[in-house]
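Undergrad: Just so you know, the protein sequences line up as chains H and C, in that order. Once you know that position 59 of the first sequence is 59 in the working numbering, the rest is easy, because the numbers rise by one and skip nothing. Once you know that position 140 of the second sequence is 140 in the working numbering, the rest is easy, because the numbers rise by one and skip nothing.
Honestly, the hints are just simulated from the structure, not real lab data. Please read all numbers here as calculations on a predicted model, not as lab measurements. Glycine residues also receive a C-beta, built at the ideal position from the N, C-alpha and C atoms. The reader is advised that the hints may include incorrect statements.
Over 12 Å on every C-beta distance to chain H, these chain C residues come out as not near it, computed from the model [stated by the list, open to error]:
| # | residue |
| --- | --- |
| 1 | Gln10 |
| 2 | Leu62 |
| 3 | Ala77 |
| 4 | Val128 |
| 5 | Lys136 |
| 6 | Lys162 |
| 7 | Leu169 |
| 8 | Asp184 |
| 9 | Asp213 |
| 10 | Asp227 |
| 11 | Arg352 |
| 12 | Ala376 |
| 13 | Thr416 |
Estimated spans, in silico, between C-beta atoms of each pair [to be verified]:
| # | chain 1 | residue 1 | chain 2 | residue 2 | range |
| --- | --- | --- | --- | --- | --- |
| 14 | C | Arg273 | H | His349 | 46 to 52 Å |
| 15 | H | Glu277 | C | Ala234 | 38 to 44 Å |
| 16 | C | Asp259 | H | Lys22 | 38 to 44 Å |
| 17 | C | Glu277 | H | Thr197 | 38 to 44 Å |
| 18 | C | Glu487 | H | Lys22 | 35 to 41 Å |
| 19 | C | Glu487 | H | Thr194 | 45 to 51 Å |
| 20 | C | Asp435 | H | Ala187 | 53 to 59 Å |
| 21 | C | Pro205 | H | Glu433 | 37 to 43 Å |
| 22 | C | Asp397 | H | Arg17 | 45 to 51 Å |
Below, simulated DSBU-like cross-link-like pairs (lysine-lysine); rule was C-alpha separation at most 35 Å, straight line [said to hold, decoys possible]:
| # | chain 1 | residue 1 | chain 2 | residue 2 |
| --- | --- | --- | --- | --- |
| 23 | C | Lys491 | H | Lys176 |
| 24 | C | Lys159 | H | Lys430 |
| 25 | H | Lys22 | C | Lys471 |
| 26 | H | Lys22 | C | Lys430 |
| 27 | C | Lys35 | H | Lys269 |
| 28 | H | Lys35 | C | Lys471 |
| 29 | H | Lys158 | C | Lys294 |
| 30 | H | Lys491 | H | Lys269 |
| 31 | H | Lys294 | C | Lys179 |
| 32 | H | Lys294 | C | Lys491 |
| 33 | C | Lys162 | H | Lys294 |
| 34 | H | Lys471 | C | Lys35 |
| 35 | C | Lys491 | H | Lys35 |
In case you want the letters, here they are:
Protein chains: 2
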Amino acid sequence: MFESAELGHQIDRDTYREEEAKLRQALLAAQFELKQRGDFPVIIVLAGMPAAGKGEVANLLLEWLDPRHITTLAFDAPSDEEADRPPFWRFWRALPAKGSLGVLFGAWYADPLWHWDHDSEAAVSRRVERIVRLEKMLTDDGALVLKFWLHLSRDRLKKRLKALQDDALTAWRVSKEDKQFLKDYDAHAAHAETLLTRTSLADSPWRIVEGWDANYRALSVGRQLLDAIEHHLARDSVKQRRVEAGPLLPSVDGVRLLDTLQLDSDLGKVEYRERLERLQGRLNGLTREPGFAKLAVVAVFEGMDAAGKGGAIRRITAALDARRYRVVPIAAPTDEERAQPYLWRFWRHVPRRGHLTVFDRSWYGRVLVERIEGFASQAEWMRAYGEINDFEAQLDDAGVIVVKYWLAISGEEQLTRFQSREATEYKRFKITEEDWRNRDKWDDYVTAASDMVERTSTAMAPWHLIGANNKYHARVRVLEILCDAIETRLKRKEK
Amino acid sequence: MFESAELGHQIDRDTYREEEAKLRQALLAAQFELKQRGDFPVIIVLAGMPAAGKGEVANLLLEWLDPRHITTLAFDAPSDEEADRPPFWRFWRALPAKGSLGVLFGAWYADPLWHWDHDSEAAVSRRVERIVRLEKMLTDDGALVLKFWLHLSRDRLKKRLKALQDDALTAWRVSKEDKQFLKDYDAHAAHAETLLTRTSLADSPWRIVEGWDANYRALSVGRQLLDAIEHHLARDSVKQRRVEAGPLLPSVDGVRLLDTLQLDSDLGKVEYRERLERLQGRLNGLTREPGFAKLAVVAVFEGMDAAGKGGAIRRITAALDARRYRVVPIAAPTDEERAQPYLWRFWRHVPRRGHLTVFDRSWYGRVLVERIEGFASQAEWMRAYGEINDFEAQLDDAGVIVVKYWLAISGEEQLTRFQSREATEYKRFKITEEDWRNRDKWDDYVTAASDMVERTSTAMAPWHLIGANNKYHARVRVLEILCDAIETRLKRKEK
Chain H
1 MFESAELGHQ IDRDTYREEE AKLRQALLAA QFELKQRGDF PVIIVLAGMP
51 AAGKGEVANL LLEWLDPRHI TTLAFDAPSD EEADRPPFWR FWRALPAKGS
101 LGVLFGAWYA DPLWHWDHDS EAAVSRRVER IVRLEKMLTD DGALVLKFWL
151 HLSRDRLKKR LKALQDDALT AWRVSKEDKQ FLKDYDAHAA HAETLLTRTS
201 LADSPWRIVE GWDANYRALS VGRQLLDAIE HHLARDSVKQ RRVEAGPLLP
251 SVDGVRLLDT LQLDSDLGKV EYRERLERLQ GRLNGLTREP GFAKLAVVAV
301 FEGMDAAGKG GAIRRITAAL DARRYRVVPI AAPTDEERAQ PYLWRFWRHV
351 PRRGHLTVFD RSWYGRVLVE RIEGFASQAE WMRAYGEIND FEAQLDDAGV
401 IVVKYWLAIS GEEQLTRFQS REATEYKRFK ITEEDWRNRD KWDDYVTAAS
451 DMVERTSTAM APWHLIGANN KYHARVRVLE ILCDAIETRL KRKEK
Chain C
1 MFESAELGHQ IDRDTYREEE AKLRQALLAA QFELKQRGDF PVIIVLAGMP
51 AAGKGEVANL LLEWLDPRHI TTLAFDAPSD EEADRPPFWR FWRALPAKGS
101 LGVLFGAWYA DPLWHWDHDS EAAVSRRVER IVRLEKMLTD DGALVLKFWL
151 HLSRDRLKKR LKALQDDALT AWRVSKEDKQ FLKDYDAHAA HAETLLTRTS
201 LADSPWRIVE GWDANYRALS VGRQLLDAIE HHLARDSVKQ RRVEAGPLLP
251 SVDGVRLLDT LQLDSDLGKV EYRERLERLQ GRLNGLTREP GFAKLAVVAV
301 FEGMDAAGKG GAIRRITAAL DARRYRVVPI AAPTDEERAQ PYLWRFWRHV
351 PRRGHLTVFD RSWYGRVLVE RIEGFASQAE WMRAYGEIND FEAQLDDAGV
401 IVVKYWLAIS GEEQLTRFQS REATEYKRFK ITEEDWRNRD KWDDYVTAAS
451 DMVERTSTAM APWHLIGANN KYHARVRVLE ILCDAIETRL KRKEK
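Same shape as in the complex, but just chain H (with noise of 0.2 Å):
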């Protein structure tokens, strides 16, 4: 794989010059044209051998480009913020809107790269699954990811080394982990030999250039970069050229998973109010458990207008310390989160340890209101499922429980809810003209709904469908649910 990379390649300066002064001048118009497209992020993955050059690699970049539109980023020992979350929050968190290009030194290839002797081969293919993932997500979503690998030989890399440490003005370049990088050089290599051709794909492979020659490295890097920026905004429309994947197919029978609950239940006042007090106690003696600290809570609501979500996420919140828990409905997307994958809204919400984060919708939009008015494209609310599914497996490998509801109710419990709703002063706010739109809509909700837990129902986090015709039973439900969650996980760390 290397073996191009170590033949020694050079340019001369004054070819240098000349092909400079031409690929300045081209990728700043591409990166005018990229900015005002604003349909795309450029992606830029520097990793390598150490010396190799990416730091100069990337500060030739914000010279050759508009350093206003550029951004870089390395990613060392993650803060105590990002430490407190899943891994890849803070990869999320680094990504170029839309429009803009990002430097990434090493991204989330660092810590497979260099840091592997201690890994399982399950945990190195659960790592490298894991940014295929993200970056099929990526380029699935019209990103242009580019990932360079800057590479040395062994001996150019010990005469780099040797170099640097002999000129007072550089020794320190030169770090202990250098050192010990150039004795153990050949398991590395082969170490990531074997993670690059892993994760190498179709629509993000890995570009290998030689860092021995400055001249030859960058041009290398940035002829690719132009040719390949070049190439994506040739395209006619990103949304064009992604493949349409055929429809779920309709239930033979007829017969759906959310026709078949039973939603009804005759749970009174009285024993309600009894259940819902002990299990309010409970949740709160749950999150301040000393194991709670290490653990954090996601909570999904879903289902129907009305379905009453809203009053069963104030008994969970009623029983929570106002300082562990926030709620984040779910509306329409600002401006900056258009200009990111769909999922960075609310990887941007999740909590840290010890904090209960409760969506009131979610990112399930995407299969069900986005689906069904036509928001996203069948292709893009079809590879959702994946996508979903990932995420909540990242939360859950972080120690995040991630608990699902979608509360059910009939269709002629809907209509009393919203007439009563339009007749009380204070909830009229809560009745729009476009909740008895979606009220035409029920059946495709239905499908799309149905869909969904069939598809996103884990084992890890799995869907919780409710009756809730009536509403004690639903609040209780609920949070028995979330009760049971918290406390078997609890149990299974204690272990």
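Knowing the structure of chain H, use the given hints to seat chain C on it.
TA: Quick look at chain C alone, frame taken from chain H:
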């Protein structure tokens, strides 16, 4: 000050039930209107004696209101991302957006209230001044700031702590600090009284509420909140109620600061190259000094269009490690930024220690383009001078070096540059209709910039006015000034 809050106020259960029902309904309606209007945030500060019911009050508010548009935040020990920035950075990032409510526990008072014993009188004064400025900025900007002090007399605090401790279910709530607090009650109460007096402002007074009886406490806070929101909503418009300030005095002799600058220089290319390289080396070295890890740099570029800001910025960044700096171009605010006070979008880019942020245009837009185009009212841009000085003082206090450049060119030089941009293929995107329109307002810009320099050139963050008809000269001066500023600060630290 606390006399009335030591009377033992109580409200019986029946009265409470009746009042609560009415209050909730009215609060919900007010919250709904607040959300609809979306032109100001409600910032609720909850402070007070230990065990006086702050958490309970917050929980109640979240139960009464629509929890989707209210957030709560406690300020424990700062995260490392926060500790690396000026102390108020964490409060800026916690501000609720316009149209929503934020409950801040302790907020900017937590620290000065309970950790005051090591502070000198001067330090206390500085803290008070900073708080007063922040709240003034918020209320001037239209925010409704409500500060509640939940009070307990010494005896009642003692009783409450004992009751909590005697119950196995609540004993955990009494900490060692609470017991110590009780011992030092009188000193703490006296200090709190002083602080509350000094920070009770016309637009953000403290509201003292006795914290003994839960019913009394709840209704007191709830009603005051309702009254305040309704009163604030009843104002015709947030904009209108601002006092209009008088205009800046025209200079009597017609001589403006910016008219007096020496714009030209005869620095030639050869000398430029040599000096540039030396300065870039010097800058690079300075940012690698061990002491720099405790500092940060904010560099601000202002000047007429085509004054050479971009070129000067590139000469700085070319000398830096790409991992250390960010260039932030200031264009139209995003909608998340528009929902916050003016300076919020600059606070969010304040660099961590050891990092540099270069602003290509900046917060000074408020007193330049926004003043001239009328995007900000006169009252808004008039108060911006003071707000900006305070912002920069906070940066300076936290070890952030603020370097501000005004690149000055003549009208003829600008014309030449505009024409050359239009003639050069890859520079054509740098010139727009708007640039030509701004050029017609040249004189207004000179006046505004002269006022700006007059009012915001401070000892810790002076303006550097640089004649920039000769680009070489401007770039060299920019680097020299930056190097000098860092060097001076590094030396100061050493002492």
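Undergrad: Per the stated criterion, does the least C-beta distance between alanine 376 of chain C and chain H lie above 12 Å, as a non-interface residue requires?
TA: Holds: least Cβ distance 21 Å, greater than 12 Å.
Undergrad: Checking one constraint from the list: CA of lysine 22 of chain H to CA of lysine 471 of chain C, max 35 Å. Satisfied?
TA: Given pair lysine 22 of chain H, lysine 471 of chain C holds - Cα atoms ~23 Å apart, limit 35 Å.
Undergrad: Against the range 38 to 44 Å, how does the distance between the Cβ atoms of aspartate 259 of chain C and lysine 22 of chain H compare: consistent or not?
TA: holds (42 Å)
Undergrad: For the pair glutamate 487 of chain C and threonine 194 of chain H, does the Cβ-Cβ distance stay inside 45 to 51 Å?
TA: holds (48 Å)
Undergrad: Next pair to validate is lysine 491 of chain C with lysine 176 of chain H; report whether the Cα-Cα distance is within 35 Å.
TA: Holds. Lysine 491 of chain C to lysine 176 of chain H sits at ~29 Å (cutoff 35 Å).
Undergrad: Would the least Cβ to Cβ distance between glutamine 10 of chain C and chain H come out above 12 Å?
TA: holds (23 Å)
Undergrad: Does the alpha-carbon distance linking lysine 491 of chain C and lysine 35 of chain H stay inside the 35 Å limit?
TA: Given that 35 Å is the threshold and the Cα spacing comes to 42 Å, the pair is violated.
Undergrad: Against chain H, does leucine 62 of chain C hold up as non-interface, every C-beta pair farther apart than 12 Å?
TA: violated (6 Å)
Undergrad: Hint says 37 to 43 Å; check whether the CB-CB distance for proline 205 of chain C and glutamate 433 of chain H agrees.
TA: For proline 205 of chain C and glutamate 433 of chain H the Cβ distance comes to about 42 Å; the hint holds.
Undergrad: Once the closest CB in chain H is found, is it more than 12 Å from threonine 416 of chain C?
TA: holds (21 Å)
Undergrad: Looking at alanine 77 of chain C again, its CB stays over 12 Å from all of chain H?
TA: Violated: least Cβ distance 10 Å, not greater than 12 Å.
Undergrad: Would the hint linking lysine 22 of chain H and lysine 430 of chain C be met if the CA-CA limit is 35 Å?
TA: Given that 35 Å is the threshold and the Cα spacing comes to 18 Å, the pair holds.
The structure does not agree with the numbered hints 2, 3, 7, 11, 24, 32, 35 stated previously, though it agrees with the rest.
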